[in-house]
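With the hints as extra help, turn the sequences into a complete structure.
Quick note on numbering: the sequence shown equals residues 9 to 578 in the working numbering.
Simulated from the structure, these hints should not be mistaken for laboratory data. Fair warning: this is a prediction, and the values are worked out from it, not measured in the lab. One or more of the hints may lead you astray.
Unchecked claim - Straight-line alpha carbon distances no greater than 25 Å define the calculated SDA-like cross-link-like pairs of lysine to any residue that follow:
hint, residue 1, residue 2
1, K237, V493
2, K237, G362
3, K237, F290
4, K237, A263
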Amino acid sequence: MRAALRPAALLLVLAAAVAFGWWLRGQFTSPVAPLPETPGARAARLSPPLIAAHYFGRQWPKNVINGFRREHVAADFAALRADGFNAVVLLVPWGDFQPVIVPCCQNDERAWARLHFLIDSARAAGLEVVLRVGYGWHFHPEADEVLGRIHRLLGDAGTRDAFLGFVERLAAETAHYPHLRLSFMSWEDQWLHRIDEEARPLFDAFLASLPADDPLRAHLPADGSLPRKDDASAPLFHRYWDWLKMEWLFRPSLARLSPLSYEVRIDREPLPEPRPDGSVHFRWIGHESTYRLPGADLLTLYWAPFWGARNEGERLSADEALRLLRVLLGEAREFSGGLPLFVDQLNVIDNTVGYGHHAALADDALDDFMAGAGCALREAGAIGYGYWTVHDYAESPLYNPAFAYGLDGWALTTGDAAAPGTRLRLRDSGDHDLALRAGDALAQTIPSTRGRLPTAGDALADRICVVARVDAPATLEIAAGGEPVTLTFDGGEGESRRCTPLAPQPADDTLRLELRVLVGAPAITSVQLFDHIQEGGVYRHDGAPGPLRDALRRLNREFAAPARGCTVER
9 MRAALRPAAL
19 LLVLAAAVAF
29 GWWLRGQFTS
39 PVAPLPETPG
49 ARAARLSPPL
59 IAAHYFGRQW
69 PKNVINGFRR
79 EHVAADFAAL
89 RADGFNAVVL
99 LVPWGDFQPV
109 IVPCCQNDER
119 AWARLHFLID
129 SARAAGLEVV
139 LRVGYGWHFH
149 PEADEVLGRI
159 HRLLGDAGTR
169 DAFLGFVERL
179 AAETAHYPHL
189 RLSFMSWEDQ
199 WLHRIDEEAR
209 PLFDAFLASL
219 PADDPLRAHL
229 PADGSLPRKD
239 DASAPLFHRY
249 WDWLKMEWLF
259 RPSLARLSPL
269 SYEVRIDREP
279 LPEPRPDGSV
289 HFRWIGHEST
299 YRLPGADLLT
309 LYWAPFWGAR
319 NEGERLSADE
329 ALRLLRVLLG
339 EAREFSGGLP
349 LFVDQLNVID
359 NTVGYGHHAA
369 LADDALDDFM
379 AGAGCALREA
389 GAIGYGYWTV
399 HDYAESPLYN
409 PAFAYGLDGW
419 ALTTGDAAAP
429 GTRLRLRDSG
439 DHDLALRAGD
449 ALAQTIPSTR
459 GRLPTAGDAL
469 ADRICVVARV
479 DAPATLEIAA
489 GGEPVTLTFD
499 GGEGESRRCT
509 PLAPQPADDT
519 LRLELRVLVG
529 APAITSVQLF
539 DHIQEGGVYR
549 HDGAPGPLRD
559 ALRRLNREFA
569 APARGCTVER
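Written out as structure tokens, the structure is:
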């Protein structure tokens, strides 16, 4: 590793990098100036309480825009109000709204119409709206692969132009909504894993932005290669990533869409450093350089019990979890220069697959933690929070699972001479039912790019659930590469949901789901195939109250009208 460049060489590198930087900045489209905000509107936006719940439309967050049914939204939003929420967080997946970016660009107008429906429905329910701009996941069949698109966003000027065009469109579509409280972008949707050689001019521009004596220069790879996230050059890699997010994505987006905040990465990156005695010391690389958001007046972050814990499967007391929450909020206030805070993901219970070693709250600590969380947030200058998982959701990788987009993503073969499209029935709500007949076969091929495919033989139980309206008994035969199973509806009970175990067998990185009607004429309204239910502790997947329901209602009430003795620092 070289400690520094010689002065003459350094000047040449800096000059070249500055030139590259100015040239690259010219590749952006001209920003559209956001509408001016009055002082009163800004003060209202930054004032508590903002008590929000994420809304996934009874689907996986990854397919919410194409998956929710309009007929459910009013009741779902009314239930949020009844639980004490005054706002809803909506995901705006870039790939669902702008699926084609090469050549630039093609929008899916159906997604824009459905976003308007959700925002209008929130207003009718008395809910304010928070938007997560550019949510990274999507299942859109015309869009490029998720991780590849995110990677290009961080290294290719044309892809960034497309993204900024999406942000401009979002600003224009939502400018007239008075109940749009704020928008934010997230590091998780802009996660850099490597720096390609094609991005070297951009990296050189970053290097030119560093002072000549910056200690980070000591981490330049000696062989002239670009930094990596998993070797001694990792501190430089992560600072470059932070610079990219702020200077090339957040700052130009803020020039187009306001108000806009950013969910910063609060987790530190572990860098193992072997010692001569054979032991391993871990160095932790933080992202505090992003906390002072350029031009923003609100910092967004997330929290779960694992933050700051040993994460060896321990169970935390309420006092331990509240201490960790206060430490995090205090650091955020300090590193941001005192910006107000919004905790967009308050995760109290988390059973994410693969993270069973993470620290969790003990069962008998849940109520006490929730009783103290409101004061901890207010004392740290938080204007509010967004609860991530109010309703437990099944991680079903099906695209268009409730036929909002007709038969897009599905292959339907009819058992008679009828055209497949004639099986679709448009309801007054704007939703479709798929009115099948005996002999009809419905299928969808699921690629592995949508995430972990349900697979028989692992530790997770695989299930298929179908919601249908049936007037008379009906039977479906369902298979996913393995042995078929049957699902029977009694008929006469209106809309009902039936589930059964299934043994999926992926092949060639895909999983093909097939449903065939053996008996009857079911009008199918939704299909889910899954092996994991993400839990939040508030309402179970079947709608029954969970262990946190009452405690969350109390937290919402008390944050909206804090009791005496809860001091607030401003």
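Hinted pair, alpha-carbon criterion (25 Å max): K237, G362. Please report holds or violated.
The given pair, whose Cα atoms are some 21 Å apart, holds under the 25 Å limit.
Holds or violated: K237 with A263, Cα cutoff 25 Å?
Distance ~30 Å between K237 and A263 Cα, so the pair is violated.
Do the alpha carbons of K237 and F290 lie within 25 Å of each other, as the hint requires?
holds (14 Å)
With a cut-off of 25 Å on the C-alpha distance, tell me whether K237 and V493 pass.
Measuring from Cα to Cα gives roughly 46 Å; hence the hint is violated.
Checked against the numbered hints given earlier, this structure breaks hints 1 and 4; the rest are met.
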